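2 protein chains.
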Amino acid sequence: MKNSEKKIRAAKFSIVTALSLAVMKFTVGILTGSMAVLSSAIDSMLDILMSGVNFLAIRQAEQPADENHPYGHGKFETMATLIQSLVIGGSGVWILIESVRRLAAGAAPTGLGSGIAVLAFSVICSWAISRYLLKVAKETDSSALAADSLHFSMDVYTNLALLAGVTAMAFFRLYWIDAVLSMLVACYILYEALKLIRLSLREVLDEQLPEPLRKQVEFIIKQHCGKKYNFHNLRTRKAGSHKLIDFHLTVCKKLTVAEAHQLTDKLEHEIANAVQGADITIHVEPCTFDNCNEEDCGGCRR
Amino acid sequence: MKNSEKKIRAAKFSIVTALSLAVMKFTVGILTGSMAVLSSAIDSMLDILMSGVNFLAIRQAEQPADENHPYGHGKFETMATLIQSLVIGGSGVWILIESVRRLAAGAAPTGLGSGIAVLAFSVICSWAISRYLLKVAKETDSSALAADSLHFSMDVYTNLALLAGVTAMAFFRLYWIDAVLSMLVACYILYEALKLIRLSLREVLDEQLPEPLRKQVEFIIKQHCGKKYNFHNLRTRKAGSHKLIDFHLTVCKKLTVAEAHQLTDKLEHEIANAVQGADITIHVEPCTFDNCNEEDCGGCRR
Numbered sequence: 123m124k125n126s127e128k129k130i131r132a133a134k135f136s137i138v139t140a141l142s143l144a145v146m147k148f149t150v151g152i153l154t155g156s157m158a159v160l161s162s163a164i165d166s167m168l169d170i171l172m173s174g175v176n177f178l179a180i181r182q183a184e185q186p187a188d189e190n191h192p193y194g195h196g197k198f199e200t201m202a203t204l205i206q207s208l209v210i211g212g213s214g215v216w217i218l219i220e221s222v223r224r225l226a227a228g229a230a231p232t233g234l235g236s237g238i239a240v241l242a243f244s245v246i247c248s249w250a251i252s253r254y255l256l257k258v259a260k261e262t263d264s265s266a267l268a269a270d271s272l273h274f275s276m277d278v279y280t281n282l283a284l285l286a287g288v289t290a291m292a293f294f295r296l297y298w299i300d301a302v303l304s305m306l307v308a309c310y311i312l313y314e315a316l317k318l319i320r321l322s323l324r325e326v327l328d329e330q331l332p333e334p335l336r337k338q339v340e341f342i343i344k345q346h347c348g349k350k351y352n353f354h355n356l357r358t359r360k361a362g363s364h365k366l367i368d369f370h371l372t373v374c375k376k377l378t379v380a381e382a383h384q385l386t387d388k389l390e391h392e393i394a395n396a397v398q399g400a401d402i403t404i405h406v407e408p409c410t411f412d413n414c415n416e417e418d419c420g421g422c423r424r
Numbered sequence: 123m124k125n126s127e128k129k130i131r132a133a134k135f136s137i138v139t140a141l142s143l144a145v146m147k148f149t150v151g152i153l154t155g156s157m158a159v160l161s162s163a164i165d166s167m168l169d170i171l172m173s174g175v176n177f178l179a180i181r182q183a184e185q186p187a188d189e190n191h192p193y194g195h196g197k198f199e200t201m202a203t204l205i206q207s208l209v210i211g212g213s214g215v216w217i218l219i220e221s222v223r224r225l226a227a228g229a230a231p232t233g234l235g236s237g238i239a240v241l242a243f244s245v246i247c248s249w250a251i252s253r254y255l256l257k258v259a260k261e262t263d264s265s266a267l268a269a270d271s272l273h274f275s276m277d278v279y280t281n282l283a284l285l286a287g288v289t290a291m292a293f294f295r296l297y298w299i300d301a302v303l304s305m306l307v308a309c310y311i312l313y314e315a316l317k318l319i320r321l322s323l324r325e326v327l328d329e330q331l332p333e334p335l336r337k338q339v340e341f342i343i344k345q346h347c348g349k350k351y352n353f354h355n356l357r358t359r360k361a362g363s364h365k366l367i368d369f370h371l372t373v374c375k376k377l378t379v380a381e382a383h384q385l386t387d388k389l390e391h392e393i394a395n396a397v398q399g400a401d402i403t404i405h406v407e408p409c410t411f412d413n414c415n416e417e418d419c420g421g422c423r424r
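If you're matching them up, the sequences are chains D and V in order.
Read in order, the letters of the first sequence correspond to residues 123 to 424 in the working numbering.
Read in order, the letters of the second sequence correspond to residues 123 to 424 in the working numbering.
These are calculated hints, taken from the structure and not from any lab test.
Because the structure is a prediction, the values reported are computed rather than measured.
Each hint should be verified, as a subset may be incorrect.
Same chains, same names: a pair is fine if it fits in one copy or spans any two.
[As the list claims (entries may be wrong)] As a list, the in silico DSBU-like pairs of lysine-lysine whose alpha-carbon atoms are at most 35 Å apart:
| no. | residue 1 | residue 2 |
| --- | --- | --- |
| 1 | Lys376 | Lys134 |
| 2 | Lys337 | Lys388 |
| 3 | Lys317 | Lys376 |
| 4 | Lys257 | Lys388 |
| 5 | Lys128 | Lys376 |
| 6 | Lys128 | Lys337 |
Can you make the complete structure from the sequences, with help from the hints?
Below, the structure written as structure tokens:
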């Protein structure tokens, strides 16, 4: 299956999961009248919205380059990641404030009653989809799916903290456990959200690709290069799952355009094979020797 | 003066203006005890913050490309514009809600007392700096300065609406004028903020340059091209004041690399002269005729 199909399928799964959880929670919440389950259902509604935005962004990001977006639509995914991470970070801050408030007020979680099974089931579903999304995110190098995965993890950890708090209250009468656990969860969420915000900001600001990827590209180019003159001005950036790369390649000035192009085609092909989603532009420059032969100028040879 | 210096100077002017206005308003506000002037002073404090962010972003955007940001730092300006437009848009929504509330409650602006001269003076200063910023923004194609200019305009129009409201109340006892004027101002602010948000989102999403600029680039390339094969894959995008351009150029395959490079250098030079802040990468391709002479393949000739 192509990466773009994988990403879109994962984004669809994420919406369907959020939708099923919301429907289930609403049904159980209304039947049992549990406020905890109902408020969790409202949470899931927001998840549907976020997963929906993600789905649209990923579908858009996978559209091929067109006249209006000649470098492809990868940055749509970047923006979706940025927005989703900001919302997740905001939720983290809110949970933090709320748990400090509860700790100060000495408030304990109210009984979950019949809703406890529903929340436990929802935790399992969220955990499974979160793992799956993270796996696809890593396979396809998709920051938007990573953000979606974090979003589901948030539900897992907050609900686990809530369940642990209720248990601790029932058995040990430790009223502060829930608030303290929530705080820890909030700190973890904030930490992960900030990582994602940083990641998407890097893409927005056209920062270069990570060191290992650049080294790989450099290695491939160098394999074809002579000693003295080879390549310079290697520029790289990322847009969603696309990696945009361009550089200047110095070859013997006596080569014909056809010969030089054969070489650049080969390089483009090899880099594209090694770097998933690479888009390569090579600018050829002639060596500057007055009177060179290929051995002297050391430019790239076939 | 170089464009980057112009931009940085304009951003500095903007901070100094906001700072002077804030100091003046605080002094007069404390001396006269006018709440209207004091709240306007707090407004100016926020202006200092926004202008400060803008100044830092513009200074960063004018840094030359380095290893970490190989395509330059133009996108820093884009992000500053996006953030500033979002804040301005938010303020617009707030003014709109506030004026609807005031209209519903029938509340009229309270007397400005001795502060009226201060506000009038501040309106004139804000208007002058806003014009100046807009002029430099157009000259240097800087979206961040355009956002800064809109920010000062907002103060001009809201303060004018406030002054008009007070006057209308004093002379004609029309208590609703102030709220209605504020609403109109809010709508205008929102309209301008949305335009700027759209503009900066286009840059973030790597949308192509506007039609006239592309036509100009195409015109320059075509002047040097033959009839059958010339150029394709023209890709353009914008990052702050930088315009990033790349395209494929088909030339006769029998040309040497040195000859082809002379041509691309010339093209790059001419495009850079015509398009302010252009960064051009040309990928040369050979014509595909089996047996061509320059006349046949029509590739670019010197």
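Right, here's what the structure says about each hint:
In this homomeric assembly, Lys376 and Lys134 never come within 35 Å of each other (Cα to Cα): the closest approach is 54 Å inside a single copy and 52 Å across copies. Both within a single protomer and between protomers do Lys337 and Lys388 lie at most 35 Å apart by alpha-carbon distance, with minima of 18 Å and 32 Å respectively. Within a single copy, Lys317 and Lys376 get their C-alpha atoms no closer than 50 Å, and across copies no closer than 52 Å, so neither meets the 35 Å cut-off. Only within a single protomer do Lys257 and Lys388 lie at most 35 Å apart by alpha-carbon distance; the minimum there is 32 Å, versus 49 Å between protomers.
Taking the shortest alpha-carbon separations for Lys128 and Lys376, neither the intra-copy value of 46 Å nor the inter-copy value of 44 Å comes in at or below 35 Å. For the homomeric pair Lys128 and Lys337, the shortest alpha-carbon distance inside one copy (27 Å) is at most 35 Å, but the shortest distance between copies (38 Å) is not.
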